[in-house]
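Can you build the whole structure from these sequences, using the hints too?
For reference, the chains in residue letters:
Number of protein chains: 2
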Amino acid sequence: MSNLAKHIVWQEKRVTRQDRYRLNNHRSCLIWFTGLSGAGKTTLATALEKELYEYGIRSYVLDGDNLRHGLNSNLGFSPEDRKENIRRIGEVSKLFVDAGLFALTAMISPYREDRQLVRERFAKHEFIEVYVKCPLEVCEKRDPKGLYKKARKGEIQHFTGISAPYEEPLHPEIIVESDKQTLEQSVQQVIQYLRENHYLDDWQQS
Amino acid sequence: MSNLAKHIVWQEKRVTRQDRYRLNNHRSCLIWFTGLSGAGKTTLATALEKELYEYGIRSYVLDGDNLRHGLNSNLGFSPEDRKENIRRIGEVSKLFVDAGLFALTAMISPYREDRQLVRERFAKHEFIEVYVKCPLEVCEKRDPKGLYKKARKGEIQHFTGISAPYEEPLHPEIIVESDKQTLEQSVQQVIQYLRENHYLDDWQQS
Chain D
377 MSNLAKHIVW
387 QEKRVTRQDR
397 YRLNNHRSCL
407 IWFTGLSGAG
417 KTTLATALEK
427 ELYEYGIRSY
437 VLDGDNLRHG
447 LNSNLGFSPE
457 DRKENIRRIG
467 EVSKLFVDAG
477 LFALTAMISP
487 YREDRQLVRE
497 RFAKHEFIEV
507 YVKCPLEVCE
517 KRDPKGLYKK
527 ARKGEIQHFT
537 GISAPYEEPL
547 HPEIIVESDK
557 QTLEQSVQQV
567 IQYLRENHYL
577 DDWQQS
Chain V
377 MSNLAKHIVW
387 QEKRVTRQDR
397 YRLNNHRSCL
407 IWFTGLSGAG
417 KTTLATALEK
427 ELYEYGIRSY
437 VLDGDNLRHG
447 LNSNLGFSPE
457 DRKENIRRIG
467 EVSKLFVDAG
477 LFALTAMISP
487 YREDRQLVRE
497 RFAKHEFIEV
507 YVKCPLEVCE
517 KRDPKGLYKK
527 ARKGEIQHFT
537 GISAPYEEPL
547 HPEIIVESDK
557 QTLEQSVQQV
567 IQYLRENHYL
577 DDWQQS
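Protein sequence lines correspond, in order, to chains D and V.
Following this note's numbering, the numbering of the first sequence begins with 377 at its first residue and continues without gaps.
Following this note's numbering, the numbering of the second sequence begins with 377 at its first residue and continues without gaps.
Read the hints as simulated data drawn from the structure, not as lab findings.
Be aware that a few hints might be false.
Since the list gives no way to pick out one identical chain from another, each pair is judged satisfied if it fits inside one copy or across any two copies.
[Stated by the list, open to error] Pairs of lysine-lysine residues, derived as BS3-like cross-links and limited to a Cα-Cα distance of at most 25 Å, are as follows:
{"id": "1", "residue 1": "426", "residue 2": "470"}
{"id": "2", "residue 1": "459", "residue 2": "470"}
{"id": "3", "residue 1": "556", "residue 2": "525"}
Take a look at the structure:
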């Protein structure tokens, strides 16, 4: 933190989180989808966004690829840049959760440490990690963006699963197996978790 | 943009902006407050957030100082870092506007070029620039954070108004003179602009 930043005072917000919950009639949280490229993170997050909309719940998909066209357009794929990429999306998610929305992030986010750093920025029940599990060979066969092919040819360096590791979550809140279940089943699995854990309840002012 | 970024495809969102407007019963926009330190940007943005809440409108203050504790914690106050600070907040605002909220940003943002770059990222009616005008001597007398004192002593470099320029907006949508009007008058001035320009209308699906 620079010299000037030390002088900076956190400003009080006047509209509270509770106010926002009351206005929306729902609470907020971050649902963090992690998994290999091609596992179906964005597809699932986007389908969940649609389903939550049907429930009258405000959510927003923060897609790692999309954000590289905007907020993270000045980041590459070095280990440091990947770390910063995840950190920024974690911070933006925090703003969204504070603003009263369900933030849905879709990023490979291959390292446990990076995901843990994001988790620690949230209260216990605000952070839900969803491991979108799919064998590498299936992801590589799908190869929706043709990236595995390029990675195998050596045209892309540090590609997760090929030339860089993917560290599976040890204790994710939800595991979805995208090679064994349909998209609709996966969406309903997440919805079921949210329902059981009262994320979908009408918000009652306490 | 790196080699891999070229391969990245923009993912289709399934919940549209219109869907969000319909769910919230209001549209979204960015209200960008600019002005000297101590002019009252955050105070006004926060009071406006509260007022919009009373109207049932979802808004969120993105305060330049607050964000230096999170998203922009790795930025200092060099010209490059200030530019990046503004760019990132502009991009986050874009996400908020896309998510259906009124984004309210409170940053000195002293350079026309930087503000223009943000403006260009938005559709014409999505971006509202509010110049919170206040003479330097009044801001310096207020000095709520004691920064002017430090800047005069040379303890802070590149301080806007003292050792770095502030470029007034040439064509802001709104000018608020915080030394001549009360906070309530300023809030109502912005509300009046929003009302006249149909930002406060119930959302009608066309």
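Results for each hint:
1. Taking the shortest Cα distances, residue 426 and residue 470 sit within 25 Å of each other both inside one copy (21 Å) and across copies (20 Å).
2. For the homomeric pair residue 459 and residue 470, the shortest alpha-carbon distances inside one copy (17 Å) and between copies (23 Å) are both at most 25 Å.
3. Taking the shortest Cα distances, residue 556 and residue 525 sit within 25 Å of each other inside one copy (24 Å), while across copies they are farther apart (65 Å).
Figure legend: structure checked against the earlier numbered hints; every hint is met.
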